[in-house]
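In case you want the letters, here they are:
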Amino acid sequence: MGSVGAKDVPQLIGPDGRRIDGRRLDELRPLRIVAGALHRADGSAFVEWGANKVMAAVYGPREVHPRHLQQNNKAIVQCRYNMAAFSVDERKRPGLDRRSQEISKVIAEAFESVIFAEEYPRTSIDIYIEVLQANAGTRCAGLVAASVALADAGIPMVDLLPAVAVGKVGGHIVLDLKKEEDNYGEADLPMALVPQSGRLVLLQMEGHMNRAELAQALDLGVKGCRDIYDRMKAALRARYSVDEPAPRGSSGEAAS
Amino acid sequence: MSEEVTAEILTTHILELAHAGKRLDGRGVDEYRPVSIEFGYVASADGSALARIGETAVVSGVKLEPGKPYPDTPNAGVLTTNAELVPLSSPTFEPGPPHPRAIEVSRVVDRAIRAAETIDLTKLCVTPLEKCWTCYVDIHVLDHAGNLIDAAMLAAVSALSNATMPAKRFGIGEDTPLAVEHLPIESTFCRLGDTIVVDPTFEEESAAQGRLTIATAETGEIVAMQKGLVGAFAPEEIKALVERAFQHGDSLRARVRGGGRT
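Chains as they are written, first to last, in our numbering: chain X, 1 to 256; chain R, 1 to 262.
Calculated from the structure, these hints are not laboratory results.
Wrong hints could be hidden among the right ones.
[What the hints assert, rightly or not] Quick partial rundown of chain R residues pointing at chain X, CB under 8 Å, derived from the structure:
1) E221
2) V223
3) Q226
4) A232
5) K239
Glycine residues also receive a C-beta, built at the ideal position from the N, C-alpha and C atoms.
All chains should be built: construct the whole structure from the sequences, respecting the hints.
This is the structure:
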């Protein structure tokens, strides 16, 4: 969006109603989730989603640093979403820019909405999301990875948090934008769903949509989230199934 | 940064009132606080406005300076939005690098201005690749009595509507009013139990179980949204809030348009 004065907008939806990568309008990119991808973290997960590669780790409940952030009635939930310098075409300056700080904030708030934080007073639950390779939808990929990592860490939660972005591309409402669709499309609407309640704990939007399009986008996103939810559960089952335990740190068979 | 404490008993009271469709300050759930806009509040800025929503006060100043277009947008000017939650506006705001909540305010306002195409950035281009106008929108929160995003948005679009291109000062021609195209207005809602109220006060924000901001433009489009705080909204609730956001936005836009010029 906001591609003011930029080059011509490529045709993103073909005459056959397919997208540039051949997907239907309501089709997700290939998604692979590996629960328990790291050795040192209390919980972890790796998500490969289209051309995104995102690693998430959870530490805690543990002592709060800095101490003054400590709360006597509940755990605090902290999140750091960070993009590696090499994760995008043009090298990104290392460290948290304003975009990353905003995303960290909304992700922390989303998880605090589902974690039973009151069970662990005076502690911190720290979520780290590292984007290694980015191709639109990294906050959603980060949420999915972090959510599986929280479950892997055994943090009690209301539910897992599947997330996906819906957008408007060439006048069509489409599920799960890839980079070109994000750059040249008309709107981007990332969301995270609590499947049990059917409510959204993360919602952002930028671009142009009328009321009817927004309503359609919300419904499509919820549907997409429910699909992703099944795959998150499958990844956790693959990690913890008694029959064929996947060794920690192995990548592979965990749900594709 | 410490969080300001709202007494548990007050939070409970706010939630009980909301359950009965009432609010601490006597407003209805759909009732916005009185809004006032003072255009041209800062003479040293190229455009400015002081916006008040109830006791919340935010001032915004626009500065336009010659600059260089970004290489990827050679035919467009540059727009930068920054919000500062200065320490004088709340007992909990401290000096230092911007807090995530200040960054959130800036970015949500910036997104709405960009997506609504409030300023046609191609009109800020003087010579492609070489020279353009850089438009700085700076937002200072003066008194934080809740709903900073709406107040910051209102101050920013009011300041832009009020702005003049200071061409004479830089020898680029005659001064002209900055062309303002579409006016985004944000409407923020908070969940208080099963009730969703518009324009939350500071105390209501502390008690809230989720906050949702919706930016509408006069084109009938939603141009930005942001869910914040801990809590959740159902899609059907969001669709209903969009209608409320349009009603509020449409009622305010006429007051911003023209930027106080007569």
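Cut-off 8 Å, beta-carbon criterion: hint that K239 of chain R touches chain X:
holds, 5 Å
Against chain X, with CB atoms and a cut of 8 Å, does the hint on A232 of chain R hold up?
Hint on A232 of chain R: holds, closest Cβ of chain X at ~4 Å, below 8 Å.
Taking the closest Cβ pair, is E221 of chain R under 8 Å from chain X?
holds, 5 Å
Would the hint on V223 of chain R stand, with a C-beta cut-off of 8 Å toward chain X?
holds, 6 Å
Report holds or violated for the interface hint on Q226 of chain R, using the least CB-CB distance to chain X and a cut-off of 8 Å.
Interface hint status for Q226 of chain R: holds (5 Å vs cutoff 8 Å).
Violation of the numbered hints given earlier is absent; every hint is satisfied by the structure.
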